[in-house]
Amino acid sequence: MAHDDYKEMLPALALSALDAEDALALHEHLSECNECRRELADWENTAASLALSASPAEPSPHVRTRIMNAVRSDKGARTQEASRVVPFPKNPRAVWTSFGQVGAIAAAVLFLVLIVWIFVLWQQNRALRRDMDSLMSEFRSVQEDARRSQEFLAILSSPGAKVAPLRGNGPGAGANAQLVYDSSGYAMLRANDLPPTPAGKEYQLWFIVGNNPPIPGGTFTPDDIGRAELTDRVPARALNSAVFAVTLEPTGGSRAPTSAVYLRSTL
Amino acid sequence: MSSSLRSELPHHHDVELLKAVAAKNEAALGQLYDRYRLILFSVLMRILNNREEAEDVLQEVFLQVWRRAADFDANRGKPFTWLVTLARSRGIDRLRSLASRERVVTAGANEASDEVSDAATDAIRAEQRGVVNDALAQLPEEQKRPLMLAYFDGLTQTEIAYKLGAPLGTVKTRMRSGMMKLRELLSARGQYFE
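Residue numbers (our numbering), protein chains in the order written: chain A, -3 to 263; chain B, 26 to 219.
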């Protein structure tokens, strides 16, 4: 809401006629707007003048007496209240040596020990949490590796399974990989020591049959240490005789290779 | 400010009285009561329409003044506005705490008006009432009614809209227009009241 919107609400606030939500918003604005506070005081004067439209009425004379009596008893009660306040002992040495003071010191020491203890526990708790998070992350990673290894072995042990080793080539000279696939074409590629991919790039698998244009496969990105895995399907015409290659392509892959070959198999 | 609208005792006198009350001067509270009893009781009678309730609230108001006079800040408002606002607020609180919004007794404030005299000590004179009533008479009824319902019945804009069967936006506009017109008319007559 803008400043002018709040200004428009001021007359209604002076009449206490704003609905709760509007009044709350306006009070928040007033806490930081001097101009509106000044203007509200003016509107309050206008609102107060409405009091003069009430027909004049005189209260009974005893009201004044009641008020003055109440004021006197209020004054008396306050005086009595003040007299009931326990005075502070005048001799400070007596206080210092009192049992209460010793107790207070002991309580203060205990409090400090408690604070230190809580701090130590808090730090231990934080360290344990960090360790636990790290272990959980490691556990998940191991679990994922195990699952992929099982899958790899499952393909490898299936009837008619084939394994094609891929060697590093060109910019990927230090890398190596294995492509395992079953008779249905279901395949898994596991690569190691691949160079990291630049931003906007991914590796892509290709299936090359004879002199035909390479058939595009899936894309993948290696982890921090150059490891990568990809599950894919080998096209039927590439099942019996094909070369498998990996190139670096724009994210999402290409329809034809656009870079040097990083990994390739032999027939 | 026109002389007809000035009270017999000047604004700063009320400020001094409130300072004395804050310092627990009973005589000062007595003087303040003498100056404001009529206007505050009139407002309470208009709100509550019941003498017993209005007198009870009037006592509460002056006890509150006794205890909270130190809260009054002359830089932020006038004694008249502070006291009237306090009384009106306590009156509306009492009205809401009563079991029904129906007025408790039908005997009205008008009954009492014959008994009222313009005492020299009264903070408000008949001329000042006349100025406000003249100003209100110049407001269209559609603007005046929401102001009176808000001030004396303690209704919110939504409640007023419901009561009058008018759209909320219309009520808001009329209320604002009415307040602007009232301020303009009173300023032209040398308001504000001290």
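Since the hints were derived computationally from the structure, they do not count as laboratory data. Check the hints yourself; a few may be wrong.
[What the hints assert, rightly or not] Pair ranges (Cβ atoms, derived):
id, chain 1, residue 1, chain 2, residue 2, range
1, B, Thr183, A, Asp127, 57 to 63 Å
2, B, Tyr187, A, Ala103, 22 to 28 Å
3, A, Met132, B, Thr183, 51 to 57 Å
4, B, Asp59, A, Lys71, 17 to 23 Å
5, B, Asp178, A, Thr61, 30 to 36 Å
6, A, His(-1), B, Tyr187, 55 to 61 Å
7, B, Asp178, A, Asn121, 41 to 47 Å
8, B, Glu209, A, Ala66, 40 to 46 Å
9, B, Glu209, A, Lys71, 57 to 63 Å
A virtual CB, placed ideally from N, CA and C, is assigned to each residue, including glycine.
Evaluation of the provided hints:
1. Against the hinted window of 57 to 63 Å, the Cβ-Cβ separation of Thr183 (chain B) and Asp127 (chain A) comes to about 58 Å, which satisfies the hint.
2. Under the hint 22 to 28 Å, the C-beta atoms of Tyr187 (chain B) and Ala103 (chain A), about 60 Å apart, miss the expected range.
3. Roughly 55 Å separates the CB atoms of Met132 (chain A) and Thr183 (chain B), a value that falls within the hinted 51 to 57 Å.
4. The given range of 17 to 23 Å is respected by Asp59 (chain B) and Lys71 (chain A), whose C-beta atoms sit roughly 20 Å from each other.
5. The supplied range of 30 to 36 Å is met by Asp178 (chain B) and Thr61 (chain A), whose beta-carbon atoms lie about 31 Å from each other.
6. A hinted range of 55 to 61 Å for the beta carbons of His(-1) (chain A) and Tyr187 (chain B) is inconsistent with their spacing of about 30 Å.
7. The given range of 41 to 47 Å is broken by Asp178 (chain B) and Asn121 (chain A), whose C-beta atoms sit roughly 59 Å from each other.
8. Evaluation of the 40 to 46 Å hint for Glu209 (chain B) and Ala66 (chain A) yields a pass: the beta carbon distance comes to about 42 Å.
9. Checked against the hint of 57 to 63 Å, the pair Glu209 (chain B) and Lys71 (chain A) fails, with Cβ atoms roughly 45 Å apart.
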